[in-house]
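A.B. asks: Below, each chain spelled out in residue letters.
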Amino acid sequence: MSNPYIILPIVFHMAAAVILMFCWFQPRVQKLLSILFSLIGLGISVWLFRLVWHEGFQVTQAGNWDAPFGISFIADTLGSTLGLLSSISLLAVSIFSTVSMREERIKFGYFPTLHFLIMGLQGAFLTADIFNLYVWFEVVIISSFVLLTLGGKKTQLEGALKYVSLNLLASTFFLIGIALVYGLTGSLNLADVAIKIGAVENRGLVNMTAGLFLVAFGIKSALFPMYFWLPASYHTPPAAISAIFAGLLTKVGVYAMVRMFTMVFIGDTFMSITLSGLAALTIISGGLGAIRQQHLGKIFGYLIICHIGFLFAGLGIFTELALVGTIFYLIHDIVVKTNLFIVAGLMNKLTGSPFIKEQGGLYAKYPLLSLLFAIPLFSLVGIPPLSGFWAKVYLIQASFETREFLLVGSIIFGSFLTLWVIAKVWSESFWKDKPEASSSGKPWSTFSTKEKWGILVPIMFLSIVSLYIGLAAENIISLASRIAAELMDPSAYINSILGMK
Amino acid sequence: MMLLIVLSGFLFSALTRPIGSIFKQALPWVFTALPVLLFIYFCSQIGVVSSGDSLTWTYKWVPSLGLDLVFELNGLSLLFALLITGIGSLVFFYSTYYLKGHAYMDRFYGYLSMFMASMLGVVLSDNLLALFIFWELTSISSFFLIGFNNEDPKSRKSALTALSITGLGGLVLLGGIILLSSIGGTYSFSELLSQRNSILSSSSYCWILVFVFIGSFTKSAQFPFHFWLPGAMKAPTPVSTYLHSATMVKAGIFLLAKMTPLLGGTPAWNHTLMIVGGITMVYAAIHSLFRVDLKGILAYSTISALGILVFLIGVGTEKALLAVGIFILTHALYKAALFLITGIIDYQTGSRDVSQLKGLQHVMKPVAIAGFIAALSSAGFPLFLGFLSKEIMYEATFKYAEIGILLTAAIVLTKIFLLVAGFWAGISPFTGELPENLKATKKPSPILWVPPLLLGVGSVLFGVFPALIEQSLIQPVFANISGLDTSIYLALWHGFNTVLLLSILTLIIGTAIYFQWKPSEGKFARTLRFEKISPQTLLEGFAVGFHTFAGVWTRAVQNGYLRNYVLSILAFLTVIMGYRFYEGVSIYLDWNQLSEITPSEVIVVTLMVISIIFAIVSTSRTASIVALGVVGFANCLFFLFYSAPDLAMTQFSIDTLTVLLFMLVLFKLPKNKIFSSKRIRIRDAVLSVLFGLLIAILTLEVFEEPSVTDISKYYADNAYLLAKGRNVVNVILVDYRGMDTLVETTVLIIAAIGVFSLIKLNLNPSKEQ
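Those sequence lines, one after another, are chains Z and B. Going by our numbering, the first sequence opens with residue -12, and the numbers climb by one from there. Going by our numbering, the second sequence opens with residue 690, and the numbers climb by one from there.
For the record, the hints were derived by calculation from the structure and aren't laboratory data. Treat the numbers as computed from the prediction; the structure is a model and nothing was measured. Errors might be hidden in some of the hints.
Claimed, not checked - No more than 16 Å apart at the CA atoms, straight line, and that leaves these computed lysine to aspartate or glutamate pairs for EDC-like: (1) Z/Lys429 with Z/Glu307; (2) Z/Lys352 with Z/Glu415; (3) B/Lys1212 with B/Asp1042; (4) B/Lys1207 with B/Asp982; (5) B/Lys749 with Z/Glu91; (6) Z/Lys411 with B/Asp841; (7) Z/Lys421 with B/Glu840; (8) B/Lys1047 with B/Glu1159; (9) Z/Lys183 with B/Glu1394; (10) B/Lys1047 with B/Asp1035; (11) Z/Lys352 with Z/Glu461; (12) B/Lys1131 with B/Glu1007; (13) Z/Lys183 with B/Glu1285; (14) B/Lys843 with Z/Glu91; (15) Z/Lys344 with B/Glu1122; (16) Z/Lys344 with Z/Glu461; (17) Z/Lys411 with B/Asp1399; (18) B/Lys1054 with B/Glu1122; (19) B/Lys1088 with B/Asp1035; (20) Z/Lys411 with Z/Glu345; (21) B/Lys1207 with B/Asp1399; (22) B/Lys846 with Z/Glu438; (23) B/Lys1449 with Z/Asp53; (24) Z/Lys140 with Z/Glu188; (25) Z/Lys421 with Z/Glu307; (26) B/Lys789 with B/Asp982; (27) B/Lys843 with Z/Glu90; (28) B/Lys1212 with B/Asp841; (29) Z/Lys421 with B/Asp841; (30) Z/Lys336 with Z/Glu438; (31) B/Lys1402 with Z/Glu91; (32) Z/Lys344 with Z/Glu438; (33) B/Lys1449 with Z/Glu438; (34) B/Lys1413 with B/Asp1424; (35) B/Lys846 with B/Glu1229; (36) B/Lys1047 with B/Glu1122; (37) Z/Lys352 with B/Glu840; (38) B/Lys1132 with B/Asp1035; (39) B/Lys1047 with B/Asp982; (40) B/Lys846 with Z/Glu91.
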């Protein structure tokens, strides 16, 4: 159904960022406005999601040029779901930022950039044009780079350099890939390309191009052996920035990969095997990294990699069941990872150190807070019936059905490593007494009421969403199943864009 | 109704906080009321279940996954539910005194009731996935309870070890359950039962067994995964009683018993269980003789008893399965009592050293009576419940075909050692003369001694009148495990036969050993020599090795050098593309289609090649940059040749700017040095050439493909007509694809913010001072 308002999430965040720039030197105003805009943004996302859920795909053609001549935008179930999740993450991070972000950073454009980042993500989730997708990726990269370097601390810059170099490398491959696709099909419209690429006779060329896309998106989504930038950079910026990155950055890579490899490059056994193998290696490599770390941010960073492997396992298996697993996990992961990094930031503040060796005594001092922290921690592990559990059932079942025993092993092993790491964190940071020698943190009682709420509200909000995903799994499964079915049969997507009945 | 019963524990544990803050004092009593009420409820169901019916309650939960909460009360689950709530009541009651005044009493009861609810969930669930969910929750509650004294590093370590082993086992079990359901098409156990034949003949049967076994063995502390259980004794004694002796560790046994009618009866099933159970029972029984810590003795004798149960399930004859049912009950009654008694001794004297504790009957008579009963029941003296189970056990093994003698020998040996261990725990501390230092020991509170005494009453009552449990409790259990309708018969007197002889022999030899063998620190120390080859050391060694490997691996991958990262990524891409190229790309060049090569083109290409080589070999940064600039300009010329002057202009200005900017930056840097060795440079060169070649071939071949020009034609045709612009490129930029341009402009704005903050904002601490 044609509906020009579907680009509202994009336009709104652009407007929000611009308005925020006008309040450059008024941090208080920026804080209030950002929360307000995030709320409205969430409202828009909810509206769009409900619209798509009840009335089906919504399409609009930019400049009213008929597809495939202009740029098409489509809100399908996957895109609108991810848009909704981005808005949820944004709201939490925006509230958290108001109390955790230093004023200097706010005076140097933190909030406008944050909203630009979300605009980029929303654009990526809604566009149906490969080159336009590239452009949205540029927005995401540049704004995340700005957020990473904001403050100019030495560690930040070192991380940001690696981050931006490798991501630009990815963009280059992506661009080469786009050029080749254009050369092969003469089109950039995703739906049009999906149809025309099937007609290319020299399949080897298509396969080689697929390789380029694999690496381009593989870098962005932190797949083994391309994830180097993630452990190098995620622990360096302030917690709020890490949180939004952890929730969304790698996921947009996963999204692009899912789109391309369910619509354009399909029916390619080699690629499926490669993806499965990479997924297994990513799970194990991420898990191995996580058990070695002491820095809380790095631990969670490696766990992101480990769980990216779960997401790709489903794509590698490529059955409807497996995709249900991937989508469910994606939904769970965005919420829980955002929350985790916020929690890590708070733990860091309370104990005065980011290293779990030097942390401790949280449970004795703050039993209620600990209980709250336990929700994201154990959701991540996937202690049933919390949110991380359900997707694994689908993934394991799908692996068994396609006899991919390597994946079964890695998923079980990866889950075990996650369990171990989180139990270790619990034992070190929460149970252990705080070591004498280590620096003292800022006790909770010295936080002002405003600060307390600014931290607690986002954590509680995301925890409630996590709990909902886990306990009302039935609803999420029906959503994930619908998305998986749409991915397996993209004809509805193609027809809506090209205006065919 | 049932949902409420199972979930009430979770509800209580969630309410810990509010309840705790309202009535701090009454909290333990409020919580104790819960298992008591549940116990009464389950008792009231005995009649229904013993008549052969089973009760089911179904609640929809996640139907798309085939996950319903189906609770089924049958013989097996009723026996366990009674143990869970019955012993639970006693433990809850006992703890009200044991942990009196403890700062985290509320937490303790919260975890404990969460555990109880999970455990009820495990034994009542018909849906295997639901069973797994509750199974994991028991592991987690056990983790929190073992680490309850969380300031103690040993407690934390034990909790982590226990969670690692049971957690890994749990995940493997999940694999097994999913595999089972993907063959049977359902998670419902009762539906799976009807497909037994197709499951047994499936090629995955073997894997299902492996997965289910690993799950059960880790949970029920079977060799070689047993060592988490002695470690788990770091938990407060009521927890050890409840989780690590009477209920949770029996979840593995429960699972095996439940699965027997579905998966059992094959050689693979029987032999594995017999071997693993056999090794565990003998190994742990021997170990228990060398411990001096009362809880250590009990931990190993518990492992041994669990071994016996696994072993009996493995034997799998009717008698053996009957013995399983009775021994579960027997063991729970006497072992829980022994643990509670140990707790009392510990609480009153502050010691658990069996070589020091003597003559305590003078100060705690009722405890001593409970201890004697428990020890005698454990030994299997006539008129105690232990006697019944021992008789049936011996009978089962003795009548087992060819290797009956061997099996009987193993179980008799185990029973002898267990008798000694039981005596040490239940009799030794109370007999003999009270040493000086223990004279001041106070009398324990009735809250402490009533529970073990009640358990003792059970042991005696059922031992003297087996008819009390024969039809009501054991018959339905037997029917569930074996899947047979045979009537069972429990009797004290089986006639004078070999089994009775063996039984008497066990008692005589065991008692003799008890009087001869004194556990001491010295003997314990001697066993430590074998510690080097114990499964615990080996597995921990493996874990350490794995941890080291993880470190090596992570440092190798994440080595900190950007150049290595880029290299790995390029190498990976080259391999992928190279393989795809090798796999099949039809190379095809139509020379006629290519335009003729003009001299000017040759010149420009030569220029490009020369400057590239120059850029690479030059030692001066400035020269390299300029050389690269030349490559850019040469590109512009090509744009010009092929009539794209606007592109050429753009490229030209960009290149000029880039070179200028680079020069400004590089000017400040020191002279370029070559750090890399020759080998590295050759490696890099090979990789670059290969990668470049692949991209070049790909590009060339893509151009050879018949191109589709609908879109570019449409652009050219309609630029003026529809978009009112004469310059097609401009129209594309601002109209057809205006969105791209808009967004790219935004990118510039964001970049500007970034540059601004990079230059102006510096939060480095050193700079602030």
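A.B. asks: State for each hint whether it applies.
C.D. replies: Right, here's what the structure says about each hint:
1. Under the criterion of a C-alpha separation no larger than 16 Å, the hint pairing lysine 429 of chain Z with glutamate 307 of chain Z is inconsistent with the structure, at around 49 Å.
2. Taken as a hint, the lysine 352 of chain Z and glutamate 415 of chain Z pair is honoured in the structure, with Cα atoms around 14 Å apart against an allowance of 16 Å.
3. For a cut-off of 16 Å, the pair hint linking lysine 1212 of chain B to aspartate 1042 of chain B stands: about 14 Å separates their Cα positions.
4. Proximity of lysine 1207 of chain B to aspartate 982 of chain B is assessed by CA-CA distance (about 13 Å); at most 16 Å being required, the pair is judged to hold.
5. The straight-line distance between the Cα atoms of lysine 749 of chain B and glutamate 91 of chain Z is roughly 53 Å, outside the 16 Å bound, and the hint therefore fails.
6. Distance hint between lysine 411 of chain Z and aspartate 841 of chain B is fulfilled; the C-alpha atoms sit about 15 Å from each other, no more than 16 Å.
7. With a CA separation close to 10 Å, the supplied pair lysine 421 of chain Z and glutamate 840 of chain B stays within the 16 Å bound.
8. Restraint check for lysine 1047 of chain B and glutamate 1159 of chain B: not satisfied, since their Cα atoms lie roughly 38 Å apart, outside the 16 Å limit.
9. Taken as a hint, the lysine 183 of chain Z and glutamate 1394 of chain B pair is honoured in the structure, with Cα atoms around 13 Å apart against an allowance of 16 Å.
10. Proximity of lysine 1047 of chain B to aspartate 1035 of chain B is assessed by CA-CA distance (about 13 Å); at most 16 Å being required, the pair is judged to hold.
11. The suggested pairing of lysine 352 of chain Z with glutamate 461 of chain Z is violated, with an alpha-carbon distance near 37 Å, which exceeds 16 Å.
12. Restraint check: the Cα-Cα separation between lysine 1131 of chain B and glutamate 1007 of chain B comes to about 49 Å, which exceeds 16 Å; the hinted pair is violated.
13. For the hint pairing lysine 183 of chain Z with glutamate 1285 of chain B, the CA-to-CA distance comes to about 31 Å; that exceeds 16 Å, so the pair is violated.
14. Using a Cα cut-off of 16 Å, the hinted pair lysine 843 of chain B and glutamate 91 of chain Z is violated, with the two alpha carbons roughly 46 Å apart.
15. A distance of roughly 49 Å separates the Cα atoms of lysine 344 of chain Z and glutamate 1122 of chain B; the hinted pair therefore is violated under the 16 Å criterion.
16. A hinted pair counts as satisfied when its Cα atoms are at most 16 Å apart, and lysine 344 of chain Z with glutamate 461 of chain Z does not qualify at roughly 40 Å.
17. Simply put, lysine 411 of chain Z and aspartate 1399 of chain B have alpha-carbon atoms about 60 Å apart, too far for the 16 Å limit, and the pair is violated.
18. Of the pairs offered as hints, the one joining lysine 1054 of chain B and glutamate 1122 of chain B holds, with about 14 Å between alpha carbons and a cut-off of 16 Å not exceeded.
19. With a C-alpha separation of about 43 Å, the suggested pair lysine 1088 of chain B and aspartate 1035 of chain B falls outside the 16 Å cut-off, and the hint is violated.
20. With a C-alpha separation of about 13 Å, the suggested pair lysine 411 of chain Z and glutamate 345 of chain Z falls inside the 16 Å cut-off, and the hint holds.
21. Between lysine 1207 of chain B and aspartate 1399 of chain B, the direct Cα distance comes to roughly 96 Å. Violation of the 16 Å bound is thereby established for this hinted pair.
22. Our distance criterion of 16 Å between C-alpha atoms is broken by lysine 846 of chain B and glutamate 438 of chain Z, whose separation comes to about 35 Å.
23. Annotation: proposed proximity of lysine 1449 of chain B to aspartate 53 of chain Z is violated, straight-line Cα distance about 46 Å (limit 16 Å).
24. For a cut-off of 16 Å, the pair hint linking lysine 140 of chain Z to glutamate 188 of chain Z is broken: about 53 Å separates their Cα positions.
25. At most 16 Å may separate the alpha-carbon atoms for a hinted pair to count; lysine 421 of chain Z and glutamate 307 of chain Z exceed this at roughly 48 Å.
26. At most 16 Å may separate the alpha-carbon atoms for a hinted pair to count; lysine 789 of chain B and aspartate 982 of chain B exceed this at roughly 24 Å.
27. Of the pairs offered as hints, the one joining lysine 843 of chain B and glutamate 90 of chain Z is violated, with about 45 Å between alpha carbons and a cut-off of 16 Å exceeded.
28. Restraint check: the Cα-Cα separation between lysine 1212 of chain B and aspartate 841 of chain B comes to about 27 Å, which exceeds 16 Å; the hinted pair is violated.
29. Of the pairs offered as hints, the one joining lysine 421 of chain Z and aspartate 841 of chain B holds, with about 12 Å between alpha carbons and a cut-off of 16 Å not exceeded.
30. At roughly 12 Å between alpha-carbon atoms, lysine 336 of chain Z and glutamate 438 of chain Z fall within 16 Å of each other, so this suggested pair holds.
31. As the CA atoms of lysine 1402 of chain B and glutamate 91 of chain Z are separated by approximately 52 Å, the hinted pair breaks the 16 Å bound.
32. Taking the CA atoms of lysine 344 of chain Z and glutamate 438 of chain Z, the gap is about 26 Å. The hint is violated against a cut of 16 Å.
33. Our distance criterion of 16 Å between C-alpha atoms is broken by lysine 1449 of chain B and glutamate 438 of chain Z, whose separation comes to about 28 Å.
34. For the given pair, lysine 1413 of chain B sits about 10 Å from aspartate 1424 of chain B by alpha-carbon distance, which is consistent with the 16 Å threshold.
35. Taking the CA atoms of lysine 846 of chain B and glutamate 1229 of chain B, the gap is about 12 Å. The hint holds against a cut of 16 Å.
36. Distance check on the hinted pair: lysine 1047 of chain B and glutamate 1122 of chain B sit about 6 Å apart at the alpha-carbon level, within 16 Å; holds.
37. Between the alpha carbons of lysine 352 of chain Z and glutamate 840 of chain B the distance comes to roughly 13 Å, so the proposed pair stays at or under 16 Å and holds.
38. A threshold of 16 Å between alpha carbons decides the hint, and for lysine 1132 of chain B with aspartate 1035 of chain B the separation of about 13 Å falls inside it, so the pair holds.
39. Simply put, lysine 1047 of chain B and aspartate 982 of chain B have alpha-carbon atoms about 14 Å apart, close enough for the 16 Å limit, and the pair holds.
40. For the suggested pair lysine 846 of chain B and glutamate 91 of chain Z, the alpha carbons sit about 44 Å apart, so the restraint of at most 16 Å is broken.
The structure shown violates the earlier hints numbered 1, 5, 8, 11, 12, 13, 14, 15, 16, 17, 19, 21, 22, 23, 24, 25, 26, 27, 28, 31, 32, 33 and 40.
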